[in-house]
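Modelling step: build the complete structure from the supplied sequences, incorporating the hints.
Listed below are the residues making up each chain.
2 protein chains.
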Amino acid sequence: RKFIRRLCCALEGRINPNAIGCSLIKGFQSDKSGNIRQYSHLIAEKLKIQTAVVMGAGSAGEVADGNFSETTIGSVDREVGRILQVLIETPHFLTVVSNDADGVEICSALKNIVACGAGFLDALDHGNSTTAILIRLALIEMIDFVDVFFPDTKLSTFFQSCGIVNLISTCFGCQNRRISEAYIRSQKTLVKVEKDLLNGQKLLGAEISEQIYHMIVRTEAEERFPIFFIIHKIFTREAKPEQLLESMRNSHCAHFRFRHNLDW
Amino acid sequence: RKFIRRLCCALEGRINPNAIGCSLIKGFQSDKSGNIRQYSHLIAEKLKIQTAVVMGAGSAGEVADGNFSETTIGSVDREVGRILQVLIETPHFLTVVSNDADGVEICSALKNIVACGAGFLDALDHGNSTTAILIRLALIEMIDFVDVFFPDTKLSTFFQSCGIVNLISTCFGCQNRRISEAYIRSQKTLVKVEKDLLNGQKLLGAEISEQIYHMIVRTEAEERFPIFFIIHKIFTREAKPEQLLESMRNSHCAHFRFRHNLDW
Numbered sequence: 095r096k097f098i099r100r101l102c103c104a105l106e107g108r109i110n111p112n113a114i115g116c117s118l119i120k121g122f123q124s125d126k127s128g129n130i131r132q133y134s135h136l137i138a139e140k141l142k143i144q145t146a147v148v149m150g151a152g153s154a155g156e157v158a159d160g161n162f163s164e165t166t167i168g169s170v171d172r173e174v175g176r177i178l179q180v181l182i183e184t185p186h187f188l189t190v191v192s193n194d195a196d197g198v199e200i201c202s203a204l205k206n207i208v209a210c211g212a213g214f215l216d217a218l219d220h221g222n223s224t225t226a227i228l229i230r231l232a233l234i235e236m237i238d239f240v241d242v243f244f245p246d247t248k249l250s251t252f253f254q255s256c257g258i259v260n261l262i263s264t265c266f267g268c269q270n271r272r273i274s275e276a277y278i279r280s281q282k283t284l285v286k287v288e289k290d291l292l293n294g295q296k297l298l299g300a301e302i303s304e305q306i307y308h309m310i311v312r313t314e315a316e317e318r319f320p321i322f323f324i325i326h327k328i329f330t331r332e333a334k335p336e337q338l339l340e341s342m343r344n345s346h347c348a349h350f351r352f353r354h355n356l357d358w
Numbered sequence: 095r096k097f098i099r100r101l102c103c104a105l106e107g108r109i110n111p112n113a114i115g116c117s118l119i120k121g122f123q124s125d126k127s128g129n130i131r132q133y134s135h136l137i138a139e140k141l142k143i144q145t146a147v148v149m150g151a152g153s154a155g156e157v158a159d160g161n162f163s164e165t166t167i168g169s170v171d172r173e174v175g176r177i178l179q180v181l182i183e184t185p186h187f188l189t190v191v192s193n194d195a196d197g198v199e200i201c202s203a204l205k206n207i208v209a210c211g212a213g214f215l216d217a218l219d220h221g222n223s224t225t226a227i228l229i230r231l232a233l234i235e236m237i238d239f240v241d242v243f244f245p246d247t248k249l250s251t252f253f254q255s256c257g258i259v260n261l262i263s264t265c266f267g268c269q270n271r272r273i274s275e276a277y278i279r280s281q282k283t284l285v286k287v288e289k290d291l292l293n294g295q296k297l298l299g300a301e302i303s304e305q306i307y308h309m310i311v312r313t314e315a316e317e318r319f320p321i322f323f324i325i326h327k328i329f330t331r332e333a334k335p336e337q338l339l340e341s342m343r344n345s346h347c348a349h350f351r352f353r354h355n356l357d358w
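Chains as they are written, first to last, in the working numbering: chain A, 95 to 358; chain B, 95 to 358.
Worth double-checking, as some hints may not be accurate.
Not the full set, but computed from the structure, chain B residues with beta-carbon under 7 Å of chain A [claimed, not checked]:
(1) Gly152
(2) Ala154
(3) Glu156
(4) Glu164
(5) Ser223
(6) Thr224
(7) Ile227
(8) Ile229
(9) Ile258
(10) Phe266
(11) Gly267
Chain B is faced by these chain A residues, among others (derived, beta-carbon under 10 Å) [to be verified]:
(12) Leu215
(13) Ile229
(14) Leu249
None of these hints come from the bench; they were simulated from the model.
Note that the Cβ used here is the ideal one computed from N, Cα and C, for glycine as well.
Printed below as a string of structure tokens:
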């Protein structure tokens, strides 16, 4: 994701206008005023081509091994979605095409923040049940987040591979979780941990949590997104990892207030 | 659950009619023609009292240890729900009251079937990503199942602790998963495995999968619920565990057909 802008600039004007773009990049671009933007939008704009996204659970290695995998293709253009489906679907790699391309891309970015939270819980020696609670509360926060900031997305997208599957598999076994745990246990700076364990690459979940944090603060929505809010604060050491549990409690109450009062 | 009918009969007529019942029992009662029934309904009818349910993630041991836990209280009567909430909520044990009591109870029963499927995948040496895919597809099957057989339940219930949290934590760490894996690896009969590993108790997920299987077959809904369908067949050794993957593929297609065509 670091090189995509430069790469697009190099390709600008050299792409067949009938070409189809397809982004697998997770995360957002931020401009100087802190507005975030999907990478697929950047690609589409720079290269002037239709750009779809492919986001789903399963590591590249597992897919290559022929493990049972599935993914979500997000494309506002139905035909582009179908072409990509024909190109990439195999009996072991199932696909669903969704026209909610933004929802697909945003789901897949936000889940990385949650995985960092799962890593913090590991550092506090919590078990799978607590991780499962975090997943539920953060899923609702993700749904609320798109409701507020990307209101054209669809709830059903969260039931796709890019949503719940991606969230669960990321929380149970990815780099974001492991590195976040190491960050807490080691007490090193994030830059040092990234240098030691990621060869200097940025930790995706930490980067996205910072972007989302600024959106939340700017719109004074801290009470509505307490989990997203605290994860960035933990990364900056302004909050202790234990405060994640407090935020889960607040998140639980927030969702109850915002959503579940409607139940009666 | 084995003794509840007998216990209710012993208590019949001896209960203060203002008493509140509260069931934590997971599973269904079956009558001779294969109709299933929630245990809370049996208790309410026999004892002639309001009966709520409490269902959620987190083992009794974890809750007792003061781990961060949450649960769902299901009660059609709002006042009863609130009384139970006041009685059981603590700073570490959060509760949400839902008036979709049937949904709460049914979610919590069905998830045990899925955990057995996760155990079969373990016996086939699949990883967390495949388990996450199973969870997603089976969650959609659960939602479809209540749509068909219990149409008054609510989608939002699946986002509560009794739904998604319970499903994830059960699939990642419960008896149903472990015993189901052992059943496949050992090639013993289920009765023998239950005798050796459960001290002769019935494996809950296997019992529920049989009940659900009969409902599916009777309504010719095999195509709509391929995962629920095959799990029972694997327990009876009429199907091989590998067929679960095939059913996941069919489930994926079934859901695409039944639900996601609406996306366009």
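(message) Of the numbered hints stated earlier in the document, which are not met by this structure?
(response) 2
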